[in-house]
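Peer 1: Residues per chain are reported as follows:
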Amino acid sequence: MTNSPLERQSPVRRFWNEYSESKVAAFAFFVLCAIVLTAFAGPFLTIQNPYDLAQISILDSSMPPGSESMDGATFFLGTDDQGRDLLSAIVYGLRISLLVGVVSGALAVVMGTAIGIFSAYAGGRIDNAIMRVVDLFLGFPSFLIALICLAVLGRGADKVVLALVLSQWANFARIVRGVAIVEREKEYMEAAKGLALPKTRIVFGHLLPNCMPPLIVVSTMNVAFSITLEASLSFLGVGLPITEPSLGLLISNGYEYILTGKHWMSVYPGVALLITVASINLVADRLRDVFNPRLNK
Amino acid sequence: MTIFLVRRLMHSIVVLLVMSFVVFAGVFAIGNPVDSLINPESTQEEKERAIEQLGLDRPLLEQYFVFLKNVARGELGTSFVHNRPAIKLILERLPATLELTVAALLFAIVLGVPLGLVAGLNPDTLIGRGILSSSILFFSLPTFWVGLMLIMVFSVDMNWLPTTGRGETVDLWGFKASFLTLDGLRHLALPAVNLGLYPLALMIRLTASGTQETLPQEYIKFARAKGLSPTRIIFLHLLKNIMIPIVTVVGLQFSVLLAFAVVTESIFAWPGMGRLIIDSINLLDRPVIVAYLLVTVIVFLLVNFLVDIVYSTLDPRVRLSGL
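Chains as they are written, first to last, in my numbering: chain V, 33 to 329; chain X, 644 to 966.
None of these hints come from the bench; they were simulated from the model.
Since we're looking at a predicted model, the values are computed, not measured.
Please note: incorrect hints may appear among the correct ones.
Residues on chain X that point at chain V, a partial pick, calculated with CB under 10 Å [to be verified]: (1) V658; (2) F787; (3) L791; (4) M792; (5) N925.
No residue lacks a Cβ here, since even glycine has one placed at the ideal position from N, Cα and C.
Work the whole structure out from these sequences, hints included.
Peer 2: Printed below as a string of structure tokens:
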């Protein structure tokens, strides 16, 4: 008896085959992997640590892309006003931007999921009250919520993460609750309850896995959104402090040089930000198509 | 209809009260209100007098009611930096921000709906796919960076458009308006495009998906079978039905843009309230922050209320289910 090709494939393989039907999305996925690897391996790839004052020279400041430094290294993307290699600064900035985006995204997912599941599971008045709070948060743009938080809390990386989490969690709570309420009524849940399984097992073993598909899509998009949001806040000078130079701060530093024609200082960090955010969005967009059973033909 | 509107209005008032408490708790209770409300350069004696005058020694709930009473009278304190009533500072700059926001939204609608229609009607052509792919790109573009690029290309390289300020303004019912003069329009162009890119992408995707969902509907087939002209079908039957989600999103986007105007205003030195709030946050000018938040919340609620009215006019089912 021969196995059909479908049976021989592992779930991951099958998923990838479907995902990569869109060539653009497959390409975006590889770009994203490359970006994450670059961010991880950052210190080993760059020609200098741009924030080690011993390694940079003011004599190299504001050099256009492709120039050579005093000791012979090439600045492929030029240098900034302090003489930092811009490419190295971008790699270091990418680390911070990705870290803030992923950490705040993950925390928002955990917080939102917990509250959403609890709300759906509790039902009744508790559910109603929690959803009122969620509506209140969703009624305001996340940028404004983050701005309010930072206005109250002050500056710092931890505060930026907190602001991002507070401005995003409601999204997840709403989505998870919506899915959970539908799932709660299904027969497998009844079966699980009929078996008198412990509550934690019902929630974590049965309810949560079925909420995953929409959650994965939205949390992927959320990381992209968090990165953009953090960059915007840092650009405005209310986000990360100067000691943690994310891509947004790099762009902000180069801002004043645009008018004098030294465009590279903010163009290239911006391109790095754009590629990162665009590849995450493309991956999320494709994931939604793959997960959405309505579109599966 | 009236009952529906009254209910919505009540809802708005509740939200406003809740928000006022959040703002109050955030700005006055967290952190030291003495530091945030009293000029740090004043002497110890002056500070004590101010604490008593402001009622900071009284219980929190009592303080909140005093705060509410002051808000109702329009007294939100005096800016430390500008030494003028905070609410006046904000209201002076509100028209500039509204002008920018409306201009950006108009740009998005006027360009986005036709483009979305083209993409939705021809989803498998090169043009349709191109429009949809570029809308994903617009989603990913960070607003502030696009602003810098616009300045770089159109102001520095080509020298076509100015980069800062509102340009020449005209008095319009006591407010300054840029869009009535040629110079003002030239100043408005780049900021409006910058702020409008995100809602443009949203409009394109919304119209395109709405068109694709509406086209297979029975009433469109019926209209076609009746021999109506394609233009009539598109404008009368199709557009009318996809208007409902579009109106909702326009309303929601108005609030989002009002918040994001902070970014655009900072880049283009547009003298709106967004620029003021960033300066105030950096200088810890709390009365101005409070004034900004309350004014923004009120504008949000007003816009949402207007959207509800338009929405229930377009779709009578909303009125009924809203009860």
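Peer 1: All the hints need checking, so say for each whether the structure fits it.
Peer 2: Now for the hints, and whether the structure bears them out:
no. : hint : result
1   : V658 : holds, 7 Å
2   : F787 : holds, 5 Å
3   : L791 : holds, 5 Å
4   : M792 : holds, 7 Å
5   : N925 : holds, 6 Å
Consistency note: the structure conflicts with none of the earlier hints.
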